[in-house]
Amino acid sequence: MTQTRNLIDENGKRTDGRTINEMRPVKIIVGNIKNADGSAYIEFGKNKIVAAVYGPREVHPKHLALPDRCVLRCRYHMSPFSTDTRKNPAPSRREVEISKVMREALEPALMLEDYPRAAIDVFVEVLQSDGGSRCAGITAASVALADAGINMRDIVAACAAGKVDDKIVLDINDTEDKEGGADMPVAYMPRLDQITLMQLDGKLAPEQFNECLDKAVEGCKMVYEIQRQALMQKYFGNETEVKEEQ
Amino acid sequence: MACGELVMQEIRRRYVLPGDKIAEGNYRPLMNVIRTGNAVIATRIGIAETGRDGVKVIPLSGIYIPRVNDLVIGKIVDHTSLSWEVDINSCFSAHLPAQDVFGRDFSPARDDMSKHLAIGDMITARIVAFDRTRDPMLTVQDRDLGKIPRGELLKISATRVPRLIGKRGSMIQTIEQATQTRVLIGQNGVVVVTGRNPEGIKQAVKAIRMVEEEAHTANLTQRIKVLLNVPETPQEAQANSAVTTPKPQDQPVQDTMEEVEEELEAESEK
Chain A
43 MTQTRNLIDE NGKRTDGRTI NEMRPVKIIV GNIKNADGSA YIEFGKNKIV
93 AAVYGPREVH PKHLALPDRC VLRCRYHMSP FSTDTRKNPA PSRREVEISK
143 VMREALEPAL MLEDYPRAAI DVFVEVLQSD GGSRCAGITA ASVALADAGI
193 NMRDIVAACA AGKVDDKIVL DINDTEDKEG GADMPVAYMP RLDQITLMQL
243 DGKLAPEQFN ECLDKAVEGC KMVYEIQRQA LMQKYFGNET EVKEEQ
Chain B
38 MACGELVMQE IRRRYVLPGD KIAEGNYRPL MNVIRTGNAV IATRIGIAET
88 GRDGVKVIPL SGIYIPRVND LVIGKIVDHT SLSWEVDINS CFSAHLPAQD
138 VFGRDFSPAR DDMSKHLAIG DMITARIVAF DRTRDPMLTV QDRDLGKIPR
188 GELLKISATR VPRLIGKRGS MIQTIEQATQ TRVLIGQNGV VVVTGRNPEG
238 IKQAVKAIRM VEEEAHTANL TQRIKVLLNV PETPQEAQAN SAVTTPKPQD
288 QPVQDTMEEV EEELEAESEK
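Residue numbers (the numbering used here), protein chains in the order written: chain A, 43 to 288; chain B, 38 to 307.
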């Protein structure tokens, strides 16, 4: 796409006033949906996303059940009011794809073999979108899975990086996604040091690619700290040490 | 006593999230932990305990996963000609074979299964078999197992059950004595409260809900006592008198409950 305007100004500031290594403010609330076994709400800049996890529960229809492990089902959905112009609530090609990559990004972190013949359902509902909603969705879903008490090897954190005005920047927003040079969403398990999702939309030179991936992983580590804080806050309040009952 | 204190000191506790490294070295992974290389990693949110016999995480969230010998409270949801299907508040539905109730000479043509247990009935049962390859199988062939005739039913998270029982049953005894009720607890998080006084049942339910919500906080027994207006000092004397006083009606049910409590206490001690 040809660029019509500068997305980074002479002071090195981006369209929303951030520097190239700055992430949008992230806020996570755990356990906001009482009916779900686990849930999380995330605000990732202007993105507002709810994730709910149900299960492990019985699989319906029964023939979908696997004898040796659990079925993970993900649904990413954008509300009709989440975008500027009304979005048709029927699942689009993009939503079906994101549901799939989200499932594949979460699967490596889960110990699905612990729950044979069962299913875990993950619902991610985008209430307001601002670019990078799949990363925010994965981040929230991962927190919701931990909240649901499902055995996990690690928590998955996700963040994007990309190319804007030929510079590699952290955490692409909607404008930069549409008008910028490249967008690379990455999901990452910090403890295992493994990448579970990496997509790239755009063109990058090999050295730019490496820089972009490193930057996205750094972003994931920042997101991971926020996920940890949110979970700790919900389960242990402000305590950090176990107090023995008298 | 001194020995007990020594053991207590050796257990190290800390809060963990999935993926946190609990310990490094030659520890035995016990519960909700995995070994990767030399490290022991938590797989659930909870309290990690590192002791002499190994490392485990006591989870703070999650659904009930059946284990053999667990005492559960379930609801009959369906029956085939040979067994009842029981909802035990888990992702696996349990089976109670008709032979377990009717004996070896059970005949689907002769015996009417719904005479014994109808759809919708609640039962106390023990899990006799469960593994990765098949659904849990139940038995009611033990003293005080079987149909629950009456009571107020509530569900709590299965992870809160040990907390509701308390150390050596302290929490549940406090609630029962203060509200003049009997509380039957299944390991699957299903709780049945019975008693003569509706107000007492209401209070007990309120206290159980409070335990569920504040399970991870310290000094909870004290706060429950405040909620139920239990005087602090003469509790021991009261406890003794309440245990020996026979309660009217519900005699078989009481026995069931005491049995269950003993079982669960033993379980939590383990």
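Since the hints were derived computationally from the structure, they do not count as laboratory data. Quick caveat, the model's predicted, so the values are computed rather than measured. Cβ atoms here follow ideal geometry from the backbone N, Cα and C, with glycine treated the same way. Among these hints, one or two may not hold up.
Only pairs whose alpha carbons sit at most 30 Å apart, straight line, appear in this in silico DSS-like list of lysine-lysine [what the hints assert, rightly or not]:
(1) A:Lys-276 - B:Lys-243
(2) A:Lys-276 - B:Lys-262
(3) B:Lys-152 - B:Lys-204
(4) A:Lys-276 - B:Lys-204
(5) A:Lys-76 - B:Lys-152
(6) A:Lys-276 - B:Lys-152
(7) B:Lys-239 - A:Lys-220
(8) B:Lys-112 - B:Lys-192
(9) A:Lys-263 - B:Lys-58
(10) B:Lys-112 - B:Lys-184
(11) A:Lys-245 - A:Lys-76
(12) A:Lys-76 - B:Lys-204
Counterexamples of contact, computed for chain A against chain B with all Cβ distances above 10 Å [unchecked claim]:
(13) Ile-75
(14) Arg-117
(15) Thr-282
(16) Glu-283
Kindly indicate which numbered hints from before are broken by the structure, ordering the numbers from low to high.
Checked against the structure, the hints that fail are numbers 3, 5, 6, 7, 11, 15, 16, while the rest are satisfied.
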